[in-house]
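As you go down the protein sequences, you meet chains A and B in turn. No gaps in the numbering here: position 29 of the first sequence is 29 in my numbering, and each next residue is one more. No gaps in the numbering here: position 173 of the second sequence is 1173 in my numbering, and each next residue is one more.
Please note that a few of the clues may not be correct.
[To be verified] Here are the simulated EDC-like pairs of lysine to aspartate or glutamate, each with C-alpha atoms no more than 20 Å apart in a straight line: (1) A/Lys-61 to B/Asp-1144; (2) A/Lys-62 to B/Glu-1053; (3) B/Lys-1006 to A/Glu-127; (4) B/Lys-1183 to A/Asp-91; (5) B/Lys-1006 to A/Glu-116; (6) B/Lys-1006 to A/Asp-135; (7) B/Lys-1006 to A/Glu-146; (8) B/Lys-1013 to A/Glu-140; (9) B/Lys-1055 to A/Asp-91; (10) A/Lys-93 to B/Asp-1052; (11) B/Lys-1013 to A/Asp-91; (12) B/Lys-1013 to B/Asp-1151; (13) B/Lys-1013 to A/Glu-63; (14) A/Lys-62 to B/Asp-1154; (15) A/Lys-93 to B/Asp-1144; (16) A/Lys-62 to B/Asp-1152.
The hints are simulated quantities; they were obtained by calculation from the structure and are not laboratory data.
So you can see what is in the structure, the chains are spelled out below.
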Amino acid sequence: MDMNKPVQNGGYGRLPANAPLANPYVPFQMEDPPKYEPRTAIVRGTLFPGLDLPFMNMVNKKELPVTPLTELQTMGFVLHELALYLDTHRDDKEAFEVFRTLQNLYTKGREKYEKECGPLTHRSPMEGRYTWLDDPWPWEYAGNPEV
Amino acid sequence: MFIYDKKLQYPVKIANPNPRLASVIISQYGGPDGELGASLRYLSQRYSMPYDELKGLLTDIGTEELGHLEMVGAIVHQLTRNLKDSQIQDSAFAPYFVDRTTGVYPTAASGFPWSAASMAVKGDPFADLTEDLAAEQKARVTYDNILRLSDDPDVNNVIKFLREREIVHFQRFGEALQLLREKQNQKNVYAINPSFDK
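I would like the entire structure built from these sequences, with the hints used as guidance.
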């Protein structure tokens, strides 16, 4: 897909034909918009090519390394991005189906991550001892994968 | 309620400490267009929103902004780890350091501490959503300016992610305004305050 063509990449939206004056308008994103693959979406900061508007063409082309954490972050990001889309497009059935599929994947991904890496919340399973406190915490250098 | 999820929304791993950069990025923690103000603005505006889409969107974006606050805090924390006195003495970070050492405190880069005066809750959905559009633009420009001041790819890839989120949020707030408008009297959308006049 040629990302320089806004019509193809979903970069154009819909405005009302007749619109009250003295109001701000942002074009409505079309239903079923083009989407990036999840691993591209997270490093671009959006699931939608049509909304991907980088500063001075500074584009992050480097995908995240594949680790249990980044896999979960990637699924969680796409799930959240779709949720914001559905907040204003609640009747887009296809987007809702994708959302439901991702919900299932994310739930399984969380279980897998917690088994390997430890609890994400107080409600997570903890075997033998109180592993909630274990370092590293998310903001620490050691808590993140090399990118 | 809120439950802490023990992970960042997007990874932050900064190999090279850089106190000068920390002293400008702190503005997105506690500055006038930073993530603390963003999350409190949206999470506070929710209460007077009249329609379910608007309540949901402000909850979801406000919650994401709390995650961004944590990411910006992580950037500042990692940029200021393992510093020697000599790295601070001639650095733009020295005025911050003398008051906060390397603690993460919500302040603007100018040194002005975070203020609720940098955000608004008007109790009218047209006014509040229009404020939110402007807020996302101002946050985007702050990230543009950080990209001008930084050449560290470990930092910039996170900043680019956060900047792009502002654009997506702008789009959603714009759509929310349209959903709000469609529910009003089309001859005069300002005939009442839909938050207050039932």
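Comparing the hints with the structure gives:
At roughly 18 Å between alpha-carbon atoms, A/Lys-61 and B/Asp-1144 fall within 20 Å of each other, so this suggested pair holds. Proposed proximity of A/Lys-62 and B/Glu-1053 is contradicted: the alpha carbons are some 35 Å apart, above 20 Å. Between B/Lys-1006 and A/Glu-127 the CA atoms are separated by roughly 17 Å; this keeps the pair inside 20 Å, and the hint holds. Restraint check: the Cα-Cα separation between B/Lys-1183 and A/Asp-91 comes to about 17 Å, which is no more than 20 Å; the hinted pair holds.
With a C-alpha separation of about 14 Å, the suggested pairing of B/Lys-1006 with A/Glu-116 holds against the 20 Å cut-off. At roughly 11 Å between alpha-carbon atoms, B/Lys-1006 and A/Asp-135 fall within 20 Å of each other, so this suggested pair holds. Using a Cα cut-off of 20 Å, the hinted pair B/Lys-1006 and A/Glu-146 holds, with the two alpha carbons roughly 18 Å apart. For the suggested pair B/Lys-1013 and A/Glu-140, the alpha carbons sit about 8 Å apart, so the restraint of at most 20 Å is met.
A hinted pair counts as satisfied when its Cα atoms are at most 20 Å apart, and B/Lys-1055 with A/Asp-91 qualifies at roughly 17 Å. Only pairs whose Cα atoms come within 20 Å are accepted, and A/Lys-93 paired with B/Asp-1052 is accepted, the gap being roughly 18 Å. The straight-line distance between the Cα atoms of B/Lys-1013 and A/Asp-91 is roughly 39 Å, outside the 20 Å bound, and the hint therefore fails. Of the pairs offered as hints, the one joining B/Lys-1013 and B/Asp-1151 holds, with about 15 Å between alpha carbons and a cut-off of 20 Å not exceeded.
With a C-alpha separation of about 14 Å, the suggested pair B/Lys-1013 and A/Glu-63 falls inside the 20 Å cut-off, and the hint holds. Between A/Lys-62 and B/Asp-1154, the direct Cα distance comes to roughly 11 Å. Compliance with the 20 Å bound is thereby established for this hinted pair. Of the pairs offered as hints, the one joining A/Lys-93 and B/Asp-1144 is violated, with about 36 Å between alpha carbons and a cut-off of 20 Å exceeded. Restraint check for A/Lys-62 and B/Asp-1152: satisfied, since their Cα atoms lie roughly 14 Å apart, inside the 20 Å limit.
The structure fails to meet hints 2, 11 and 15 from the earlier list, while all remaining hints are met.
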